[in-house]
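Protein chains in written order, with this note's numbering: chain A, 541 to 1153; chain B, 541 to 1153.
In case anyone wonders, no lab produced these hints; they're calculated from the structure.
Take the hints with a grain of salt, since some may be wrong.
Since copy identity is lost for identical chains, a pair holds within one copy or between any two.
Unchecked claim - Straight-line C-alpha distance at most 27 Å; calculated DSS-like pairs for lysine-lysine:
{"hint": "1", "residue 1": "1026", "residue 2": "1123"}
{"hint": "2", "residue 1": "1082", "residue 2": "1030"}
{"hint": "3", "residue 1": "817", "residue 2": "841"}
{"hint": "4", "residue 1": "1101", "residue 2": "1030"}
Remember, predicted model here, so these are calculated numbers, not experimental data.
Protein chains: 2
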Amino acid sequence: MFNKKNTKNEKLKCVPFTNVKLTDEFWAPRLQKHQETTIKSCIKQCENTGRISNFAKASGLEEGEFEGILFNDSDVYKVIEGIAYSLINNPNAHFEKITDQIIDKISAAQEIDGYLDTYFTLAKPEDRWTDMMAHETYCGGHLAEAAIAYSNSTGKNKLLDTAIKMIDHYIDVFGGQQKHWITGHQEIELALIKLYREIGDEKYLKLSKWFIEQRGHGYNFTGISWDRGLMGGPEYNQDDKPIRELIDIRGHAVRAMYYFCAVTDLADLTGDEGYIKAMDRLWESTVLKNMYITGGIGPSKSNEGFTHDYDLPDNTAYCETCASVGMVLWNHRMNLLHGDSKYADIMERALYNGVISGVSLEGDKYFYVNPLSSDGTHHREQWYDVSCCPTQIARFIPSIGNYIYTVSDKGILVNLYIASKSTIHLQGSEVNLIQTSRYPWEGLVNIKVDPGTLNEFEMKMRFPGWCRSMQLFVNDLIIENPVFEKGYIKLLREWRKGDIVTLKFDMPVEKINSHPRVISNKGKTAIQRGPVVYCFEETDNKDDFENIYIPYNAKFFTEYKEQVLGGVTVINVMHPEGNLILKAIPYYAWDNREPGRMSVWIKEERNHNTLYF
Amino acid sequence: MFNKKNTKNEKLKCVPFTNVKLTDEFWAPRLQKHQETTIKSCIKQCENTGRISNFAKASGLEEGEFEGILFNDSDVYKVIEGIAYSLINNPNAHFEKITDQIIDKISAAQEIDGYLDTYFTLAKPEDRWTDMMAHETYCGGHLAEAAIAYSNSTGKNKLLDTAIKMIDHYIDVFGGQQKHWITGHQEIELALIKLYREIGDEKYLKLSKWFIEQRGHGYNFTGISWDRGLMGGPEYNQDDKPIRELIDIRGHAVRAMYYFCAVTDLADLTGDEGYIKAMDRLWESTVLKNMYITGGIGPSKSNEGFTHDYDLPDNTAYCETCASVGMVLWNHRMNLLHGDSKYADIMERALYNGVISGVSLEGDKYFYVNPLSSDGTHHREQWYDVSCCPTQIARFIPSIGNYIYTVSDKGILVNLYIASKSTIHLQGSEVNLIQTSRYPWEGLVNIKVDPGTLNEFEMKMRFPGWCRSMQLFVNDLIIENPVFEKGYIKLLREWRKGDIVTLKFDMPVEKINSHPRVISNKGKTAIQRGPVVYCFEETDNKDDFENIYIPYNAKFFTEYKEQVLGGVTVINVMHPEGNLILKAIPYYAWDNREPGRMSVWIKEERNHNTLYF
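With the rest of the complex left out, here is chain A (with noise of 0.2 Å):
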């Protein structure tokens, strides 16, 4: 094992996966259905497309040709991920035994010199290191990913051991500087600085910062994008500037979001301010300007990215999973950058709606897609050609526990109401916190504290900004003027074993109306309660679904359902006039039941008697 090192400058550290254990109503059994089917569906299908013999191949274990799309490596790499994660809330003996073996095809296939793609291995030896858009380095983040949290969570570290021989080659290549280079695909960026965190050896933050200091300055020649006809040229890569001087938001949504995880990371790291003003200026760009209220980004599918500003289509919304899950990692980094609950508060948003819309309820079907309305022919599939996605989700939702506390110098941060049980290194201690809620379907939270060794210290609950009033208790005693920071509730007291802080947001159904700029949402409203983004859906609305409009002074009834679609609460739009006239489920359910269409925005019905004072 290595010493994790203590890194400079970072005020909130993650506190990590292996050290929460989710017991709650909605992850939990998520997570659980989420090995028994997607990890399972994951596997096969990467062995019956041939994406694991490639690694077989590659290292003469088995005869044959590269089989499937050259970045197909990185489908293993994301699995494996997700296993890792998904050991710590449901210990599998049976995976973690495939997960070995697999490992030690992967490990089997690299290079003398380090070196791991079996693409260029098995098809084209010769040309390693001549395409910039070939993925060589987008696969080998996502090996060095996986490598990280398999040695966490099972403390075996053959993977990682495998992934710091290949990142030692990547130095030999580039870390002379030998030659400029563009990251076709974004990830190395971040994994580099995963592994520095990890490890603590600072030439992987070097090597990080030199692929994010190449973009921008014309090495990428061509510019144009290899992969499936997509439009290229340099914007598409965020190549078009440098990072310190890109304003608004453009190109490919997923390059962009892990590009900016990597300078996130790197900006808390090294307090650089021209990293910090560039991501600040892109987060309002991003957030304000070009997200779907899903949390979903990414409008078009010429690019799969960005277009401009305020173009937000509905029926042809890309928002591809992988960039929704984006929107996590890089708002989850925002945060421990700034310590703001804004950035908790967009990652919830991501989380609770257009990522999880990308996996069936069943676990066995992805989008890869996200609209937000549909015409009723836009379905899950099981896997896809360039299966990112389905892999995206293979590895992001047993993750969940990496995004529910950081931690100060101070204190600890709560950035989301998950019921879990959990572990949080302090000041040298081990605080232990129970939570336990009804979250998303209630507004009711208690956090049990035993604050160990220690006195006093911060609790910091983050507002949802979904939620304008609550209630703050501890031990049942009101708190009457909690202090606020940035979006956080701030308690400083001191602990006693048994301490329980009460947060009682109000959960009322409210109506959303679109910024006016969205042509495709004119006179249009969306409903959300708490976190989650709710739907229509023609199999519950069969009257005339396209006429279907909330009236302007719409009574809602809410009900947690817990034999519809896994357990939701349902939204009963009721015109106070007349009877039943709509109802919405998550957004994130739809497409379960029968094919239909469906529709997150909808007409509101705009009155001039409207009680006004």
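Position chain B relative to chain A; hints supplied.
Same frame as chain A, now just chain B:
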């Protein structure tokens, strides 16, 4: 006792206060306090100011001249009406005895022909029925209301006999339509209908209609109001047009309310389309364009009334307490006419805000004028020369039991959520309802039903206008698709003894914006929680009071404080990037601590970074 007539045409009937016993934390203690201080102080003031001895003098029991203002009799009647209601929840032999003694004096003051008005009897016996503005019928109406209330409450009919004799005298004077007459201050019209409903003789109804139809034909030739130099003219007195032709609400606010009460009653009793249309039109004019957020009406001091649409200044708002009570009385009747919860919404809005602001928490000081902001110089007083408002409070507060339920042929409508035990006569049987709730501080309401000998009937629960979303249960089972009817949730079922209807109204803090045409509220917001409108007092917000504002993404902490202002939910307004910035209390409770500035509407930060999608 008289037999109450089962009047025709009326679909909905009031459940009288005699059948409703309050048990709640908000009203029941208020009613007790009301008896101990308000009733007591009003009796004392009536004694000290000669109001009671005027009766003794008029009857010859005492010597002396008429004291005070010519309509002072009405205050005594209103206090008796208040005592009558008060005895239901707080039986009190002492007050009953005092009242009986006052009633003896009143009866003794009646002239042989039935005429009863101590001003004219004592000061101008020869000028009876010569000055339309002299409030003879205004006083007479209040006598009739008091008499009916006292008869119902105590079973004692002496005052009712007196009132009937007086009304019969009115019929002698006006019944043959010998002369044209405009009532100077409407009141008798609604009292006559109460008497008709009580006794069943259509002559009262006929006289009421005659008074109503007299208006708007130029019969009140001068059109000048005698009282206190107020701006007069036919419009002031709603005498510019016949009721069927009135379009916009104008003139003196209290006069208008009492007038419309009678017209609405008549519309209900007769089904007259012209009356119904006039009331609907004037209701929209009043509520949508001329009402304050407190339910207060009448912005102008110059005419104690209306000016032009959207003229709703905060600081100079007149909002006479009597006018807010008038809004309750009128909207109660509009609801009886239409059975639509939107009227109960306005009734409740006035009730929890503009009405009870009219009295101090101790119950011994009164606002005549209820502005929405104050420079610190506006305070409640113990009494006024024109003391209509204190005695309006005296009679209104304990009458709350009248407004909770109504009954239809099909069942029961729940208009207000107030913990209480009630016996409701329905379809020849007795239905007992027990409401439990901490309303208006909490949104949870339980209604326990004992259907008596009945099986199936409707229970219709108002879905409050302030509320967007709720959950509904019967015996802890969620009701999926309740039927809505005119804003009421309708449960039609076979009831069994002990059935419990549970309503969970989401009750977040809401920011309310004003109509853009209300100039004084431009750029401002008000906050409301449940039915309660909040205000900011300088004593809670001493730092730079004139520049207080609500941040665009303000977070609210709500906190029920038993020891503050008689027990209120306080709202702490937090800046999400800082600490407490403001503390708000219910508007009705202002000016109960140290004097200072107050404001309901305060500046709201508008921010281009508001999260949109």
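Verification of the hints:
In this assembly of identical chains, the alpha carbons of residue 1026 and residue 1123 lie at most 27 Å apart only when taken from different copies (20 Å versus 36 Å within one copy). For the homomeric pair residue 1082 and residue 1030, the shortest alpha-carbon distance between copies (24 Å) is at most 27 Å, but the shortest distance inside one copy (48 Å) is not. Taking the closest pair of Cα atoms, residue 817 and residue 841 never come within 27 Å of each other, the shortest separation being 29 Å inside a single copy and 56 Å across copies. Taking CA atoms no more than 27 Å apart as the test, residue 1101 paired with residue 1030 passes between copies only; the shortest distance there is 22 Å, against 35 Å inside one copy.
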